[in-house]
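Enquirer: Given the structure of chain A, go ahead and fit chain B onto it with the hints provided.
2 protein chains.
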Amino acid sequence: MQTPYYAVIFTSIKKENAEGYAEMAERMVELAHQQPGFLGVESARQEIGITVSYWKSLEAIKQWKQNAEHLVAQQLGKTKWYESYKVRICQVVMSYEL
Amino acid sequence: MQTPYYAVIFTSIKKENAEGYAEMAERMVELAHQQPGFLGVESARQEIGITVSYWKSLEAIKQWKQNAEHLVAQQLGKTKWYESYKVRICQVVMSYEL
Chain A
17 MQTPYYAVIF TSIKKENAEG YAEMAERMVE LAHQQPGFLG VESARQEIGI
67 TVSYWKSLEA IKQWKQNAEH LVAQQLGKTK WYESYKVRIC QVVMSYEL
Chain B
17 MQTPYYAVIF TSIKKENAEG YAEMAERMVE LAHQQPGFLG VESARQEIGI
67 TVSYWKSLEA IKQWKQNAEH LVAQQLGKTK WYESYKVRIC QVVMSYEL
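So the sequences go chain by chain: A and B. Residues in the first sequence are numbered consecutively from 17, following the working numbering. Residues in the second sequence are numbered consecutively from 17, following the working numbering.
FYI, nobody ran anything at the bench for these hints, they're computed from the structure. Hints may contain errors.
It does not matter which identical chain is used: a pair holds within one copy or between any two.
[Claimed, not checked] Once the Cα atoms are required to be at most 27 Å apart in a straight line, the calculated DSS-like pairs of lysine-lysine come out as: (1) 81 x 102; (2) 72 x 31; (3) 78 x 102; (4) 72 x 96; (5) 102 x 72; (6) 30 x 78; (7) 81 x 31; (8) 96 x 81; (9) 94 x 81; (10) 30 x 81.
In this text the structure is predicted, and so the values were computed from the model without any measurement.
For reference, chain A alone in the conformation it holds in the complex (with noise of 0.2 Å):
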């Protein structure tokens, strides 16, 4: 991936019961990567979860958000399945790796 491009950190704390969570998870993982501009997502969980998707474009993303399917889980984030959540839209401007 070459800068710049786009990265969105998402942070949750997910409520106890959070029932049917996991699979929606992953299918949105099985969606995002079908979706136009999407590079990649990395994925931990441990007192708070911490998802970061990366992204070709600003309109990339805001087409996954509006992806039908994606809204529908978010929606059930909102009311079901997150105590709460932050997003945050990010421009990478550098990078580095060993």
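Expert: For chain B alone, coordinates are given in the frame of chain A:
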């Protein structure tokens, strides 16, 4: 936190035997809190580790990268603890939450 501010997305895969890692990771969080321009940090690890730290400016990130004790940790990370890692420096342009 009002946008724009900055995020460092640090993703890593640890080696199986990463002796001394947990103590150092804890110390780095403590140390980061004392750095000028530090806004916060969030962390989770499963197959991969994701740590996102938040900063007021690119200059604050640069200063943190050059912190003497942090330089020692970075060197140990490279040689001893990490199988691989990636650092992404980002400008947070928008955020919303539940």
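Enquirer: Work down the list of hints and note, for each, if the structure agrees.
Expert: Hint check results:
Taking the closest pair of Cα atoms, residue 81 and residue 102 come within 27 Å of each other both inside a single copy (14 Å) and across two copies (26 Å). For the identical chains of this complex, residue 72 and residue 31 are neighbours neither inside a copy (32 Å) nor across copies (31 Å), given an alpha-carbon limit of 27 Å. Taking CA atoms no more than 27 Å apart as the test, residue 78 paired with residue 102 passes in both settings, with 16 Å inside one copy and 26 Å between copies. Taking the closest pair of Cα atoms, residue 72 and residue 96 never come within 27 Å of each other, the shortest separation being 31 Å inside a single copy and 34 Å across copies.
When the C-alpha separation of residue 102 and residue 72 is checked against a cutoff of 27 Å, the pair qualifies both within a copy, at 21 Å, and between copies, at 18 Å. For a Cα distance limit of 27 Å, the shortest separation of residue 30 from residue 78 inside one copy, 24 Å, qualifies, whereas the shortest one across copies, 34 Å, does not. Proximity of residue 81 and residue 31 under a CA criterion of 27 Å is satisfied intra-copy only: 22 Å inside one chain copy versus 36 Å between copies. For the identical chains of this complex, residue 96 and residue 81 are intra-copy neighbours only, at 18 Å inside a copy versus 40 Å across copies, given an alpha-carbon limit of 27 Å.
For the homomeric pair residue 94 and residue 81, the shortest alpha-carbon distance inside one copy (14 Å) is at most 27 Å, but the shortest distance between copies (37 Å) is not. In this homomeric assembly, residue 30 and residue 81 come within 27 Å of each other (Cα to Cα) only inside a single copy, at 20 Å, whereas the closest approach across copies is 32 Å.
Violated hints for the displayed structure, listed by number in ascending order: 2 and 4.
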